[in-house]
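Asker: Chain by chain, the residues run as shown.
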Amino acid sequence: KNQVEQSPQSLIILEGKNCTLQCNYTVSPFSNLRWYKQDTGRGPVSLTIMTFSENTKSNGRYTATLDADTKQSSLHITASQLSDSASYICVVRYNDYKLSFGAGTTVTVRA
Amino acid sequence: DAGVIQSPRHEVTEMGQEVTLRCKPISGHDYLFWYRQTMMRGLELLIYFNNNVPIDDSGMPEDRFSAKMPNASFSTLKIQPSEPRDSAVYFCASSFRDTDPGELFFGEGSRLTVL
Chain A
46 KNQVEQSPQS LIILEGKNCT LQCNYTVSPF SNLRWYKQDT GRGPVSLTIM
96 TFSENTKSNG RYTATLDADT KQSSLHITAS QLSDSASYIC VVRYNDYKLS
146 FGAGTTVTVR A
Chain B
38 DAGVIQSPRH EVTEMGQEVT LRCKPISGHD YLFWYRQTMM RGLELLIYFN
88 NNVPIDDSGM PEDRFSAKMP NASFSTLKIQ PSEPRDSAVY FCASSFRDTD
138 PGELFFGEGS RLTVL
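Chains as they are written, first to last, in the working numbering: chain A, 46 to 156; chain B, 38 to 152.
With the rest of the complex left out, here is chain B (with noise of 0.2 angstroms):
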C-alpha cells in the first residue's frame, strides 16, 4: 500500500483566500483524523471520522475550518478565509481500529503559510 497520501505538500496563500487539503486515507482504514501541528501546540487533533461518518469536531478551531469525507478513500479540510495564525502543518492519518488499536499512519503533512 502506499500509505497515506496527502496533498499539497506545500500550500502558500494570502489571508483571506480559501484552502483545501486533501488526504486519501490506507485502503480498508475505517478512522480518519486530521491534526495540526505547531511549535507552539504540537500535535492537535481538529476531527476524526470513522467509516466516514464525523465522530468528533471538538478539535475544529472555529466556523473557518470544515471537512468533508464523501467517500472512505477520500477527506477534505477547508480553511475558509485563511489567517497567518493558521500557518502549521497539517496531517492526516488512518487507522483500522480491529487490528491494531491506536496504531496512527500518518501522512507526510501540508505545510500550509497564510501570508
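Just chain A, same shape as in the assembly (with noise of 0.2 angstroms):
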C-alpha cells in the first residue's frame, strides 16, 4: 500500500483559476515533504520543502500547506497560467534518508 496518496488523480481548470491539490501521508518519522513539479517529458523540479514546524510556504503562486498531526499537505495553485499544466508529485522524507513518492496529480490548464 502506498504510504502517500494524492487526491484527485487529474483535474481540468480554466486559466485564470485556482486549484488545490492533497497529499496525505502514513511514513515516519517525518522529516520534511516536498512537492515536485514535472512538466511533461522533463524531470522533476522541487518546489517547496516543508519541515515539521512550518505550516505554510509559498513559491509565487504556489503556496504549500502541512498539517503535521492530520498528516496532510496540501498545494494551491493561485490565477493557474498555462505553464502550470503538469503533474505535481508529493514527496515524504522519513526515517533519516528514506523518501517515499506519491503517484502525482496531472494539472491541465485550458485557454
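Just to be clear, a hint being listed does not mean it is correct.
Stated by the list, open to error - With a straight-line Cα cutoff of 30 angstroms, these simulated DSSO-like cross-link-like pairs (lysine-lysine) come out:
1. B:Lys61 x B:Lys115
2. A:Lys102 x A:Lys116
3. A:Lys143 x A:Lys102
4. A:Lys143 x A:Lys116
5. A:Lys143 x B:Lys61
6. A:Lys62 x B:Lys115
7. B:Lys115 x A:Lys143
8. A:Lys62 x A:Lys143
9. A:Lys62 x A:Lys102
For the record, the hints were derived by calculation from the structure and aren't laboratory data.
Can you join these two chains into the complex? Each is in its own frame, and there are hints to help.
Answerer: In C-alpha cells, the structure reads:
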C-alpha cells in the first residue's frame, strides 16, 4: 500500500482559476515533505519544502500547507497559467534518508 | 552547473538486447539515485548510491538489472536481457545531503522502448 496518497489523480481548470491538490501520508518518523513539479518529458523539479514546524510556505503563485498532526499537505495554485499544466508529485522524507513518492496529480490548464 | 546529465534521451531496442543507460550527477553531490517512471506505477526507486557505494538496491526488479558507480561523476544502469515490460522512463537524480536535505535534482530522463 502506498504510504503517500495524492488526490485528485487529475484535474482540468480554466486559465486564471485556482486549484488545490492534496497529499496524505502515513510514513514516520517524518522529516520533511516536498512538492515537485514535473513538466511533460522532463524530470521533476522541487517547488517547495515543508518541515515539521512549518504550516504554510509560498513560492510565487504556489502555496503549500502542512498539518503534521493529521499528516496532510496541500498545494494551492493561484491564478493558474497554461505553464502550470504538469504533474505535481508529493514526496515525504522519513526515517533519515528514505523517500516515499505519491503517484502525482496531473493538472491541465485550458485557455 | 549543467545539472544531472543522462544519455541516451531515447532508446528503442528489441527484446533480448542489452541496454545501458548513463548518468553524470551534479559535481559535489554525494547521493545518486536511479528511478523508473511508468504511467501505472509512477516513480519507483531502483537503487541509490552514497559516495559511490550502493546503499539500497531493493527496488531493482530482478537480476537482469544492474547498476554501477565507478566514480563520483559517472553511473550506469544496465538491463540484460531487456524485455518489453522494461519500457519506461528512467531517471537519474543526485543530491547533497548536508545542504538541503532531501532535494533531488533530476536529469531529463532516458525513455526506453523495448519491442
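Asker: Can you list which hints this structure breaks, lowest number first?
Answerer: Result: hints 6, 8 break, sorted rising.
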